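**Student:** The lines below spell out each chain.
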Amino acid sequence: MKFIRLRVANYRGVTAAEVTFGPAGITLVQGPNEAGKTSLGEAIGLLFDYLDSSKHRNIEAIKPVHRDEGPEIELQAESGPYAFTYFKRFLKKPETTLTVTRPKSENRTGREAHERAEAILRETLDIDLWKALIIQQGDAIHQPNLTKQASLSRALDKAAGGRPADPREEGLFDAVLEEYLRYYTERGTERKDLAEARKALTDAYAEVARIQKAIRDLDHDIERAASLQRELGQIKKQEEELTKERAAHTASLEEIGILENALSEARLKLKSAQQSEQIAHRDKEARQGLIGAADKAAKAHADIEESGVMSLAALNQAESKLKDAQTAFDESDRKRKGADALAVLRRADFDYYNNRLHFEQLRERKSRIDHARKNAAQAEEILARNSVDSRALKSIQDAERGLLTANAQLQTGAPSVLLRGLADCHLSVDDAEVSLSKGEVRTISVADTSRLSIPGVLDIEITAGASAEGLTRKVEAARRALGDACAKAGVSTPDDARKACDDRREAMRHVESKAQAEKENLRDLTYEELDRRLRGLEQSVPEYLARRVAEPPMCPDLESAKKERARAEALHHETVSQWESDREQLDAARSVRDVWNTKHQESRVQLDLLAKDLKNACDNLERARQSVTDDALETSLTNAVQAVASEEAGVRAAETSLKAKNPDKVKALAETAKGSLHTAQNRRNAAHTELTEVQTRLKIHGEEGLHEKLHGAQTRLDHLAADHASLLRRASSAKCLFETMREERDKARRAYVAPLKEKIEHLGRLVFDDSFQVDISEDLLIVSRTMNDITVPFDCLSGGTREQLSLIFRSACSMIVAKDGGAPLILDDTLGYTDPGRLRLMGAVLAKAAKECQIVIFTCVPDRYGNVGEATVVALT
Amino acid sequence: MIRFLHTSDWQLGMTRHFLSEGAQERYSQARFDAIRTMGRIAKEEQCRFVLVCGDAFESNQVDRKTVARAMEALKEVSVPVFILPGNHDPLNAASVYRSSTFIERKPAHVQVVENAAPIRVAAEVELVGAPWLSKRPATNPLEDAISALGPADGVSRICLAHGAVDTLTPDRESAGIISVAMLEQAIIEGKIHFAALGDRHSLTKVGDSGRIWYSGTPESTDFRETQSGYIHIVEIGDGTVASKGIQIGQWRFIERERVDLNTADDVEALRKSLEEIENKDRTVVRLSLVGSLTLTLSGALQNHILAANDVFGAFDVRADDLLVLPDHTDFANLGFSGFADGTVQRLRSKISEGRDEGTVAREALILMLRLARETV
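Protein chains in written order, with UniProt numbering: chain A, 1 to 877; chain B, 1 to 376.
Just chain A, with the same shape it has in the complex:
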């Protein structure tokens, strides 16, 4: 709907006011207080809501003050396909006219006009939404109630998926909810009816089960009664048979009793005879015992006597043998001792010679050591004096070779004089006498000047030239070197040096041979030990000869001493063997003598004892015979044996008679029959008692009509089960339907809330920042605002913010429904809570909204809306 013009007259304090709204966008109606701004906003609602004849207090409230005229409202508007002018005068000369110019001309008055206007409005406008979007003074911070706004829902549904919900669907949902609540609470728990139905069903099942059990029990009792009756019949028959059987057994048992008594009597007599026989036997055995004892004692005494004689002879023989053995042993002992002494002497002799030899060897070894030590000491002295070692000798020899070399070079390089003897002659060469034989040739090298003189004949001086001079100097140098080397070594010539070197080497050999001599001669001894032993032997060897016995004579040498020692030891061994043999024989003879001696003593003691026993036994036998003779005892025994045989025959006869009656079998059968009869009686009593009980139960329960009760209970159960199943089915279907529909409804709501949220956030970001978000409930209310990740519930926001959000919310709704005709957004002096900064931004919101829907703003503060962009401004005065 779009407002074109609105006029009011005689409206509260307003005599006349008229607003022509802008063709689109914002119409800003400004004016001071009481100029009628609020009245204009209110008037549109009253025009459509009330008949001109209405006396409603809202109509009474607009009656003009101090004037007796009816308030008038006239609206020119377009809605959907319609363009119309709608006029009403209330209270005074009420009148309603509706002039429709499009789509076809209509003129209506009175109630018809009212209803037609209402119809047009209903057809083209969501009146509830329109009213919800109007902001009246003081309402600015409250959100509109948009639940059940069909046109908004439709628009949102369309925006969400193009499938707008039918308005009747909410009604259907309520009906479904109502059906659901018949079975379940709002929290989803079952109502009492369902629980009661279930309980009734359970009870019915229990009742059926109870009766079924009672019937089973009854059937069991019926079977049992028949069974018991059969059993009682059988028991009765059995009892009769058992009674007869028991009577027969009783008669047999009486006969058996008589025979048993006779047998007992015979056995008593037999027992008495047997006792008499036993006594006679015992007396006879006692007599025989006495006789036997006397005989036995006499025999034992005789045996021991004989044994004593034998043992004495053996003892004497043993004594004799012991004496011989002792004699032999003494001789052996004497011989052993002699051999012992001889062996000791011969060993000492041998040791003497041995020690003497050892003494000499030690003395020789000590002498060799001493000699080596002496040589070494001398060598040490030589070494201390003589420093010509091999190196020094080599230096000298090298110098010597140098001298020889220089001389040779001189002789080679210097002039030489060849002397050849023509005859034997003597001459002097450089003052040396030289003899030259005939034909002998000698060459003299002239190093510098040489003088040859043949005494008396000739004196020749030969002088070498310049080249020989150098060679001569070399020779001199070499000689000096040789001289130096010899001087250093402390010798005068190389030959001395060579000798000295040999001496030194010999001295060193002596030093070295000392250690070797000590090692070879000391062996495992030290020099001191060697010396000590030597001194010990030196003393002991001569002493032995002094203290040795004269006989036998001393052996002449070691070898004979050794032979004598061996001989003495062999003799000693032999005598010891003999001695040991004799000693063993002596011990054996002594043992034999001791054994026989012991036996002999024992025989003597036993013989005394047996003599006493023999006397006692003879005394006892004599006394017994004096009391009863042996013959009397024999007669008594014979009589007793005969009596026993007689009684045994009697017993056997009685036993045969009794056995013929088979008493064990008869007794067992009688006992069994008695027990069986007793058992049968017990069984009969028990069966009878049980039968009585069963019959009593049958009497009680058999006539209860259990069969029909069961059928009744079963029928009731079937009906209850059917009812319960039906109830459950209905409840389940209601639940299924409700839950499915609720889910679909919620899903649809969530879907259609999305465009609204988007629109609000789009507008809101003009005022707030880009992080601005809102959460919209399914009831189409802003639940919270989120900025910079901070979420604040709507009711906790400041008044100004709530006012801004409410206005943005309404603007968004208007924009959404504007495409389908929409509804003008009427704002009565809103944004009173908004600060100047936000006012400018809210102006932008309104300007944006105004591009899609008509906005009418009533205000007494025009500056508040200075930033709403293009607007039609209407001033009320």
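Hints listed in this document are in silico derivations from the structure and should not be mistaken for laboratory results.
A quick note: this is a predicted structure, and the numbers were derived from the prediction, not measured.
Using N, Cα and C, we set each Cβ at its ideal position, and we do this for glycine too.
Some clues are possibly wrong.
What the hints assert, rightly or not - Okay, derived cross-link-like pairs now, SDA-like style, lysine to any residue, Cα gap no bigger than 20 Å in a straight line:
(1) Lys-709(A) x Glu-21(B)
(2) Lys-735(A) x Gln-345(B)
(3) Lys-848(A) x Phe-772(A)
(4) Lys-709(A) x Thr-101(B)
What the hints assert, rightly or not - In silico negatives: residues of chain A with every beta carbon more than 10 Å from chain B:
(5) Thr-38
(6) Pro-494
(7) Val-592
(8) Thr-656
(9) Glu-704
To be verified - Which bits of chain A does chain B cover? Going by a derived footprint, with three or more residues having C-beta under 8 Å, they are:
(10) 366 to 372
(11) 531 to 537
(12) 600 to 606
Keeping the supplied structure of chain A fixed, place chain B upon it in accordance with the hints.
**Tutor:** What follows is chain B alone, placed relative to chain A:
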């Protein structure tokens, strides 16, 4: 010549769980009424006595009221009545025939056949009964009873027995089976002249002699009975026998299997066919439905079933094989486009998945359809 009324299987005290309380009472009363009817017919047909061949009572444990009402009804029978205990009411320790109510209220002309001893009911007629003494005898009591009999000299001997005969029973080895050959042999030997049997609920001739008969139950008890609701009038002459059945039952059991329902016409045809059934309050109907219906037609069918439930003695519908599938026509007129439409689509999807959830979803959809029609 002697004429008697042969009946059996009164099954007094029988209940049927599918019957509602009122119908059950009518059903029970019909059985007592049948006794009175028998009394009247016995008199009209000049019967000398009435033979009840077993199972007069449904159980030994029937309610004492049932016994009392039976005795009251029997008082109105003017001829002697001989009752043979059967397998449902054997003469055991808890027999109804030994109950205090029976003993105290039994009319003098009513006699329980307690053993196989011949009962001379007239100068020329002798009865021989084979009562059941327990529910599960090793052999049918008739065998011993026949064995003990000598030839009937000068009397018409009528045998009362209860149990299935071997020629009509698949399980010939089961206990209590009566050998037809044995009976026929006894007839040939002249031991008996007529065998009045009970146990089978349909009036049935056994063998070809015309001397062995089941009387059937006087009131139907189940759907599968073919000749129930009859009594049997027998006339034995000198070497002849004649019999006839007279229908006295008031109750009918109608079973219709595989009633195919797919269209509105099918549903309407069913409604009409039900409507045409007479004596509905004493009629038990069982329908097995097949086919597939829309929700709308299913709703209509449910209404017909509810109406039938109100008028028939019992109305048992088995619709496990009847598919109820919503189609577009069910919701076409409701014009749903929003979440209600979404709900319809989801429930239809669940139905197509089958199982228990599918069944619940279908019922939910039917509920939704009903609520939508009530709301819109």
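**Student:** Determine for every hint whether it applies to the structure shown.
**Tutor:** The hints, checked one at a time:
With a C-alpha separation of about 13 Å, the suggested pair Lys-709(A) and Glu-21(B) falls inside the 20 Å cut-off, and the hint holds. Annotation: proposed proximity of Lys-735(A) to Gln-345(B) holds, straight-line Cα distance about 17 Å (limit 20 Å). Taking the CA atoms of Lys-848(A) and Phe-772(A), the gap is near 18 Å; set against the 20 Å cutoff, the hint holds. At most 20 Å may separate the alpha-carbon atoms for a hinted pair to count; Lys-709(A) and Thr-101(B) meet this at roughly 17 Å.
Every CB of chain B is more than 10 Å from the CB of Thr-38(A) (nearest about 38 Å), matching its label as outside the interface. Every C-beta of chain B lies more than 10 Å from that of Pro-494(A), the closest at about 140 Å, which supports listing it as non-interface. Against the 10 Å criterion, Val-592(A) stays outside the reach of chain B, whose nearest CB is about 110 Å from its own CB. With 10 Å as the threshold on Cβ separation, the claim that Thr-656(A) sits away from chain B holds: the shortest Cβ distance comes to roughly 56 Å.
At roughly 7 Å from the closest C-beta of chain B, the C-beta of Glu-704(A) falls inside 10 Å, breaking its exclusion from the interface. Residues of the stretch 366 to 372 of chain A lying with their CB closer than 8 Å to a CB of chain B number 0, which falls below the three-residue condition for coverage. Coverage of the stretch 531 to 537 of chain A by chain B is violated [criterion: at least 3 residues with CB-CB distance below 8 Å; count 0]. Residues of the stretch 600 to 606 of chain A lying with their CB closer than 8 Å to a CB of chain B number 0, which falls below the three-residue condition for coverage.
Of the numbered hints stated above, those contradicted by the structure are hints 9, 10, 11, 12, listed in ascending order.
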